[in-house]
Every structure is written in structure tokens, then in C-alpha cells.
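Mind docking chain B on chain A? Use the hints.
Next come the chains, spelled out residue by residue.
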Amino acid sequence: MATATDVIASLKQAADAASNAYDAAVAANPDGDFKALHKAKMAAADAAAAAIGKALTGDPAVTAAQKNLDAATADLNSKLATLKDLATWLGLLNNLVSLATTLSRFLA
Amino acid sequence: MRPGNLSVAIVLTAAVLVSACSSATLSNGAALAKTGQAAATQMEQAATLSAATYTALKNAVTFDAGFANDIDDPDTQDFLKQEAQIQTALSAYGTMLEKLGNAYVALGALSSYDANGTFSSATSSLCGAASNLVASMPKSGSTSTNICQGASFGIGQIASAFQAHQVVDASNEIEAVLNAVIPVLSDPDRRNLIVLNGQLVQRQIVSAAKDLYASGIFSCGPLLTQLGAPLNLAPVSGADGIVAKHANVQRGCLAVVSGTAQDSVNAVGPAYDKSVAALSALRDQHEKLKAGVPLDLDTINMILANLQGAAAKLQPPKGK
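Just so you know, the protein sequences line up as chains A and B, in that order.
Just so you know, the working numbering puts 86 at position 86 of the first sequence, and the rest follows in order with no gaps.
So the working numbering is basically just the index in the second sequence, starting at one, shifted up by 1000.
So here's chain A without its partners, still in its complex pose (with noise of 0.2 Å):
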């Protein structure tokens, strides 16, 4: 059973990944609109700080959901060095941050 710095640790890498993904857009573009991808990017970290911030309190939670976030996070890593497509990349950004939303609920 996944604890409450396991499921943190989803939470950052998915954060991790986020960055990456727009980092990866300015520097293939950097004059571009990266309004959509900051909102996602800033969402992901949001919700891992949110996390962390919890269980620094003392209060950490735990959930099953983390398996879907580590999936989604993996398959973004992987599809990133490819990616080309801004679209694309908001598209999985927008999944992983719903996960990321939905993971940080059980948190709150």
C-alpha cells in the first residue's frame, strides 16, 4: 500500500513533468503563447507544494489513485522527447492535471 510520501512523490514528478513539458515548448519556441501550459504547469506544482505543505503539518493522507498519476507521469516522460506538438502536449498536460487534482482532493 502506496503512503502518503509515495503518493507526494507522484504528485512531484508530475509537477517535474509539467515543468519540463514547458520548458521544452519555450526553448523549441520561444516567442510562443505558453498561457495554457504555465496554467497546467503552475497547477501541478500547486497541487505537490499543497501536498507537502499537509503532510509537513502533520497531517499526510494517502490514496489509490497514485497509480494512474505514476502512469500518466511516466507516459509523458516518455512521449516527451518526441513531442512536437503543442496541442499534444497540452492535451496530456490537461489529463495529468486532472489526476493531479483529483489525487490532491483526497489530501484536503
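Careful: at least some of the hints might be erroneous.
Some chain A residues flagged as far from chain B (calculated, every beta-carbon gap over 10 Å) [stated by the list, open to error]:
#, residue
1, Ser19
2, Gly91
3, Asn95
Lysine-lysine pairs mimicking DSS-like chemistry, simulated, CA-CA at most 25 Å apart [stated by the list, open to error]:
#, chain 1, residue 1, chain 2, residue 2
4, B, Lys1288, B, Lys1099
5, A, Lys35, B, Lys1081
6, B, Lys1034, B, Lys1290
7, B, Lys1245, B, Lys1034
8, B, Lys1058, A, Lys35
9, B, Lys1034, B, Lys1099
Simulated from the structure, these hints should not be mistaken for laboratory data.
This one's a predicted model, so the numbers in the text were calculated from it and none came from an experiment.
Glycine is no exception: its CB is placed at the ideal position from the N, C-alpha and C atoms.
Chain B alone, transformed into the frame defined by chain A:
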């Protein structure tokens, strides 16, 4: 040997032995204090979110929001709020480790204080004055120029021994604090939370720098200088203009920037673990000081060197 001379010989021999032990304790205490202070400072940096780091995070995240034309994003605001709360939660560790560092400073001051010299100087003045007084008296019969000859030596050694005893007491007190602090810092769940947050924060800080680099704001010059150094080559004037025109060179520079950024994120965990290891090593040295055994300072210095190397990697890449 007459009984009186034998007594003097025994007292002087004992004083020399006490002096040797005291001297070793004091030098050990001073060395332990120096490394302990460094370890406590490094641990504090690894276990807390400093004001400087939070400011760097806030600036990076705010810049990024502006860069993406997403300045009012609620998740960005909430993220910074969450990190501010985490900073408050971790401040308890900072206070504790700051006090540990202060305790080592006090141990260093105690160990380095020249009690022997101070006492000797004071008693020497007193004995000099008393000797002059005795010599000036009629029929004193004194043939010695210093009536305290031998005695001042003993007083100096007693001062050193007392000081050494105080150093051992202080060392024991610090060791007791370490015994309480190390298990808290070593707790796997707590350690992981602190490290995960450190990585999350570092990742956001370097993200802004990476994005700026990709936008052509920062020079690739320092990196090009490093690459050419083995062959004594230096970049030509206006090298960045050339980089901007060549996608392959641009990609190479960006790859190194990204790698350095990732290194700084990856360094968070080792910096924390090495800090805890340094504190654990110090605990062993406190035991040695208590037992009067020579300290293994080479080991501590090696751990500190590793720790400083890991801490250096946490700094974001610098541009000109």
C-alpha cells in the same frame, strides 16, 4: 632523593601530564567546534527554505507568469502561499540548527580561550610584586628572585585542566542535543518531504533561467570559454551573435544549461543526506573527545568537503 624533593618531582610530573591531556582536549574541542559549526550551517541550509531562496522562488515564478502572459493565475498565487507556509513549518528546524551552530561557536570560544596564559600572566604579576616586597624587607634571607617559582607553573596547569573539563562538559551537552536532533532529521518520511519540496522549489527557480536562456537573454560565452580552455582557445568577439545563427551550437549550449539545471535539482537530496551524515560523524567525535581519544578530523573534513560540493551544485547557473 629526599622526601621533599620527591614530592616536588611527583607534583611537577603530574602537572606536566595534566597539561598534556588538557592541551589535547582544548585543541580537539577547537577543531570539533569549527567542523560542527560548518555542519550545522549546511544542515540548516538543507533542511529549511531560507528567506533568500523563497525570494528567488517568488521572483522566478512571478517572472514566469509574466513571461507566459498568465500573471493572475490563481494556482501561481496559491503555490507561493503554500511555499510560504512550508517555509514557516520548516523554520522550527532552522531555529534548532541555528542554536546548534551557536553552541559550536561557544564551544570554539571556550576551547580557544587562553586560560593558561591569562592565569599565568596574572599570577606572574602577583608573584613579581610579592617577590619585590619580600626582597625589600630587612633580614628576609630570601635568595630567590621569584618566591612563586614552580607555583605559577602549577596554577597555569590547573587553569588549563579546569578549562578542559569545561570543554568536555560543553561537548557532552552538544552531543546530547545531537542525539535528539539526528533521529528527527533522519526520519525517512520527514526527510523525503523536505527533499521533495527542495527539489520542487529548485525546479521552479531554474525554470525561469532556462526560459530566459532559450530566449537569448543569457550569453553562452562562459560555457564556450570552458569548452575551449583545454586547447587554450577563447571565443571570438561577438560569439553570441554567431551562436544565435547556428541552431546546432545553440542546441549544444541549451543542452548544457538544462543539464546544469537538472544537476542542481538532483543535488538537493545528497546535500541533505550528507548534512545528516556530517552531524552523525560529529556525534562520534564528541564521544572520542569525552574518552580523551584523538579525533578523526580527516574523516569529518572529508564529509564537509563532500557536503560543500553538493551545496555548490544547488546554485543556479550563472550568466554574464
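Each hint, compared with the structure:
1. Ser19: At roughly 5 Å from the nearest Cβ of chain B, serine 19(A) sits no farther out than 10 Å, so the non-interface label is violated.
2. Gly91: holds, 18 Å
3. Asn95: Its Cβ never comes within 10 Å of chain B, the nearest being 17 Å, so this holds.
4. Lys1288(B) x Lys1099(B): With a Cα-Cα distance of about 23 Å, the restraint between lysine 1288(B) and lysine 1099(B) holds, given a limit of 25 Å.
5. Lys35(A) x Lys1081(B): Status holds; Cα separation ~21 Å.
6. Lys1034(B) x Lys1290(B): holds, 17 Å
7. Lys1245(B) x Lys1034(B): violated, 52 Å
8. Lys1058(B) x Lys35(A): Answer holds: lysine 1058(B) to lysine 35(A) is near 18 Å, not above 25 Å.
9. Lys1034(B) x Lys1099(B): Roughly 15 Å between the alpha carbons, so the hint for lysine 1034(B) and lysine 1099(B) holds.
Checked against the numbered hints above, the structure breaks hints 1 and 7 and satisfies the rest.
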